[in-house]
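Number of protein chains: 2
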Amino acid sequence: MTKILSGSEVAEALKQKIISEVKNLKQQGFKPVLCIVMVGKQPDSVAYVKSASKKCETMGIGCRIKTLPEDIREEELIKTIQELNEDKTINGIMIMLPLPTHISQKAVKYVISPEKDVDCLNPVNVSKVMSGEKCTFTPCTPSAVMEILKHYGIDIQGKKAVIIGRSMVVGRPLAMMLLKENATVTICHTKTVNLKEETRRADILVAAAGKPKMVKKDMVDDGAIVIDVGINFDEDGKMCGDVDFDGVRQVTSMITPVPKGVGSVTSTVLMKHVIEACKQQNNLA
Amino acid sequence: MTKILSGSEVAEALKQKIISEVKNLKQQGFKPVLCIVMVGKQPDSVAYVKSASKKCETMGIGCRIKTLPEDIREEELIKTIQELNEDKTINGIMIMLPLPTHISQKAVKYVISPEKDVDCLNPVNVSKVMSGEKCTFTPCTPSAVMEILKHYGIDIQGKKAVIIGRSMVVGRPLAMMLLKENATVTICHTKTVNLKEETRRADILVAAAGKPKMVKKDMVDDGAIVIDVGINFDEDGKMCGDVDFDGVRQVTSMITPVPKGVGSVTSTVLMKHVIEACKQQNNLA
Chain L
1 MTKILSGSEV
11 AEALKQKIIS
21 EVKNLKQQGF
31 KPVLCIVMVG
41 KQPDSVAYVK
51 SASKKCETMG
61 IGCRIKTLPE
71 DIREEELIKT
81 IQELNEDKTI
91 NGIMIMLPLP
101 THISQKAVKY
111 VISPEKDVDC
121 LNPVNVSKVM
131 SGEKCTFTPC
141 TPSAVMEILK
151 HYGIDIQGKK
161 AVIIGRSMVV
171 GRPLAMMLLK
181 ENATVTICHT
191 KTVNLKEETR
201 RADILVAAAG
211 KPKMVKKDMV
221 DDGAIVIDVG
231 INFDEDGKMC
241 GDVDFDGVRQ
251 VTSMITPVPK
261 GVGSVTSTVL
271 MKHVIEACKQ
281 QNNLA
Chain S
1 MTKILSGSEV
11 AEALKQKIIS
21 EVKNLKQQGF
31 KPVLCIVMVG
41 KQPDSVAYVK
51 SASKKCETMG
61 IGCRIKTLPE
71 DIREEELIKT
81 IQELNEDKTI
91 NGIMIMLPLP
101 THISQKAVKY
111 VISPEKDVDC
121 LNPVNVSKVM
131 SGEKCTFTPC
141 TPSAVMEILK
151 HYGIDIQGKK
161 AVIIGRSMVV
171 GRPLAMMLLK
181 ENATVTICHT
191 KTVNLKEETR
201 RADILVAAAG
211 KPKMVKKDMV
221 DDGAIVIDVG
231 INFDEDGKMC
241 GDVDFDGVRQ
251 VTSMITPVPK
261 GVGSVTSTVL
271 MKHVIEACKQ
281 QNNLA
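Respectively, the protein sequence lines represent chains L and S. 225 is the number that the working numbering gives to position 225 of the first sequence; each next residue is one higher, with no gaps. 145 is the number that the working numbering gives to position 145 of the second sequence; each next residue is one higher, with no gaps.
The hints are simulated quantities; they were obtained by calculation from the structure and are not laboratory data. Fair warning: there could be bad hints in the mix.
Stated by the list, open to error - Quick list of in silico lysine-lysine cross-link-like pairs, DSS-like style, CA-CA up to 27 angstroms:
1) L:Lys180 - S:Lys191
2) L:Lys150 - S:Lys191
3) S:Lys106 - L:Lys134
Just need the whole structure built from these sequences, with the hints factored in.
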């Protein structure tokens, strides 16, 4: 029997912890606040911001949204971020990506204060993820994967973890986080020659390729644990992951669905980081 | 016939390029200068500094050595590094590690200017290595491995690269550098369950475990390329690598020896970084 690893369940458990922490903080006179910076009005970003804002509300976290014009000058954006860095009423800053092409993401990531960088853009936090140092603000999506593994008590040490995808938002940082937990980690990508040979070796297989249903049943070993980071839409416009769920679930021991998988946990991890930021900034950590 | 990948040959070729670059820079009125900071007098560090200083001389690079007392206060060391950051007659700064235990390596790495950080300590440079962005100052040892592969025209794309060791000076950054060149990368370590199974899959096997002669013939696939990063001493006090060279060379297509392998290239890479630093600081890059 394949166990479905429910992202919603993990998110709910995390949410309860956060609500209790927020209560605790408020009793001490602190209110955690997230500020989301959105340049322009890309539909994806607008939808995300709306959902995150609602999530903040249900957890008692303050949420400010800074909407900036699509054609804002880079210097102006940088100035805005610097003001948010200084603003003591804000604990966490999240900048919606991608930014318009006339703005360098590089410029922005060096400006955001490492102490408020809840989505891990700043090199100071990125380098901590790489070295395996204690890091409060790991990137939200790979952290969501780790939360799921932890919630279900999945042992990572000594396991063969295979990741498909090498992006800076998922593959690379996740490789470092699994390595820290003592997995033997393999990173695959579009230039991997025999992908099936690699994925079939996995005890824990993470699909973060961004290709709808690319992981088929014959690519997965019997009893493997499969984590699907993909969020795509199939030919019928239905949301699906990078994994062919119906086929693959026949061979796995555990698998995350899409929707209600990793994606459900990501924004809750963001809220957890806002709480941590609030605690650290007030020397409560 | 196994080909011996000679680090000395690679270093010599690199040296000739550097000498020609130095000549070029001097004609334009610039003299590249490295400053090595040594706290205390650990025998290993003293030997390294002596050898690096001699190397600088043969390449026409200036070398200043800043020897500081073993019991220097952290604030004093930081002040010294800040002065070196400001000193326009110095292009590259290398801090000998490990530092005495009363000094936090963390404190120091944030202080060294990313523009002079020729051995890649500062998080700004570390995060570039992780993301695969263009980075002038990659860590010297993994860069030496890459120089050897490049020098001998070894194709990396699509190859299975297996690394034994996950340190921040070799394993982790090398994984990212091989990934950038499109290898499928596996990182193994002391908690890897069946190491032989992993290493036998490698097209390119890199040993960076720090254990004398631990890689035996039966751990290497026929025709694999083996790069030995280890510098150890065997029971007779003879220098050896992490690879049992005499056994392993019987099955490999190419192999680096120890000595005259990776270690021979490392300090030459450092010199290359000093040249790059000099060029960038004078807008000649």
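Now for the hints, and whether the structure bears them out:
The hinted pair formed by Lys180 (chain L) and Lys191 (chain S) meets the criterion: a straight-line CA distance of about 11 angstroms does not exceed 27 angstroms. With a C-alpha separation of about 19 angstroms, the suggested pair Lys150 (chain L) and Lys191 (chain S) falls inside the 27 angstroms cut-off, and the hint holds. For the proposed pair Lys106 (chain S) and Lys134 (chain L), the alpha carbon gap of about 12 angstroms is at most 27 angstroms, so the pair holds.
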